[in-house]
Each structure stands twice: as C-alpha cells, then as structure tokens.
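Quick note: the sequence shown uses this note's numbering, first residue 3, plus one each step.
I should point out that these hints are in silico values taken from the structure, not numbers from a laboratory. Everything hinted at is true.
Below 20 Å or equal to it, Euclidean Cα-Cα: the simulated SDA-like pairs (lysine to any residue) are:
1) Lys37 / Glu111
2) Lys152 / Ser171
3) Lys126 / Arg155
4) Lys37 / Arg141
5) Lys247 / Arg188
6) Lys247 / His212
7) Lys49 / Arg86
8) Lys49 / Ile107
9) Lys152 / Leu10
Just so we're clear, the structure is a prediction, and the values are computed from it rather than from any experiment.
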Amino acid sequence: MQRYRKLLDILRGLESAVVACSGGVDSTLLLRAVKDSRIRALAVTGKSPTTPSADLEEAVAMAAAIGIPHRIVPTAEMQRREFRENTRERCFFCKDTLFGTLKGIAHDEGYRWVVEGSNTDDLKDYRPGLRARDLHGVRSPLMEAGLAKKDVREISRALGLRTWNRPASPCLSSRFPYGLAITEERLRMVEEAESFLRRLGFREFRVRHHGDLARIEAAQEDIGRFLAPPVREEVVSFLRGLGYKHVSLDLEGFESGRLNR
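Start from the sequences, fold in the hints, and give me the full structure.
So this is what it looks like as structure tokens:
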C-alpha cells in the first residue's frame, strides 16, 4: 500500500478539490482516497446522452457509500458540432466540455483543484482527453502516484471497494467508428443493446455501432455462449427490434480501444 500512501500525500497537498466521478474503478478509488485524505471535496458526475444509465447509478451509489458530497450536472458535448461529427479528436471535445463545467463549479464554490481518475496505463493508448485535462489544469492523482490499472484494482480490493473488478465502461460514443456521426438515437440503440446483454449475464463486451450493423465484441470465454442457438436467436431478435438490420459477433473477441486502431 506504499503507492496508496503516496496518493494520500498528493491529495493532502491539494487541500480541496472537485472530483470527476464516473462510478468506475479508477474514480471510485480516487473518491476513497479523497475521503481518507480528509481534504474538502465535492464529487461531480456529468450527465448526457453519452453516459450509460448504469454508470450514473453506480456513481451515485459509490459516492454515497464512501461519504463524499455528490452532484450530477448536465454536460453539453452533444451541442458541439465537433463532437457530433466524431473525428479522432472527439474525446478532446467531450473532456473539454466536462472539465470546463467542473472548473466553473470549483471556481464558484472555492475548491482549489479539479481532479480526475486517469492512471498510467492511459498513457499507452490514444487519449486526446488528456490534452483537454492539461489545457484546463486538471490533476490526475492516480497517475501522479504511479498507479497502473492493475495497482488500482489491487488497492481497491484491499480496501473492500466493490468496484475492484468492475469492467471498464467508457462513454457510449466510444462505440462508434470515427467519422460516423453521433446522434441521440444511435446512442440510445447502443445503450439498450448493451443493457440487454448485461441482463443476459454477460459482463465484458461492447456493441460497436456501424450504421445498420451491430458488431458485438465479447470476451473470448463468452463467444461459445453467444453462438448457442437460444442466446444467438434472442440477441439477434432484440437488436433487430432496436433498428439494426445486421447483427454480427466479432471472432477476435473483446478488445478495449479497438476503434483506435
């Protein structure tokens, strides 16, 4: 837990902070560390059509369980043409909108910093959102403490946080290949499709939206179950009911960040 102690030291030096809270494993550990550091803090979760409802519920639950004041605020990335056009800079415009909102709250209510939950593994993938973070002067305490995703999960488990093994859940816009416009209707289709698969008991997967085709990426150990006739027929029927004309299963399996290739 030496790195956790380092994280606490970093947070104590901040004195007060608005914490970006998504309900995932990273931001939940950050919330717990903020609580343990005893600095003045407010957890804030952005709400928009790109936010999975399950993530919003988890953010509310975890902030309450840890005991950090929490607020849900609307974010307006869908009002930005640059975001809806879904270029490779999409994540920059989303995070620029979110961090701008959080900085406004911090300024108005006397918090010194805005902090968010990126870890050192995020430096290995294409993350234009980190540029927005730097532009707004937002801090990433987990990254500053040298914590990778594996460390975050191990520390979370040691602290008894139920999110320790929660699968990553990026915003719904990550399900769209660059260049395909993001609309509220398309976001709804993806969220309903993924909610359905979750109800069937699948944990780690993505429904990638390719116009009238839904491409399912599943964990390798789940591919056989998807292909079993009862499940296959149920999945195809439900997704067609959402408006997809074609439903495919990617034999390469699930890979986080696949559309960044």
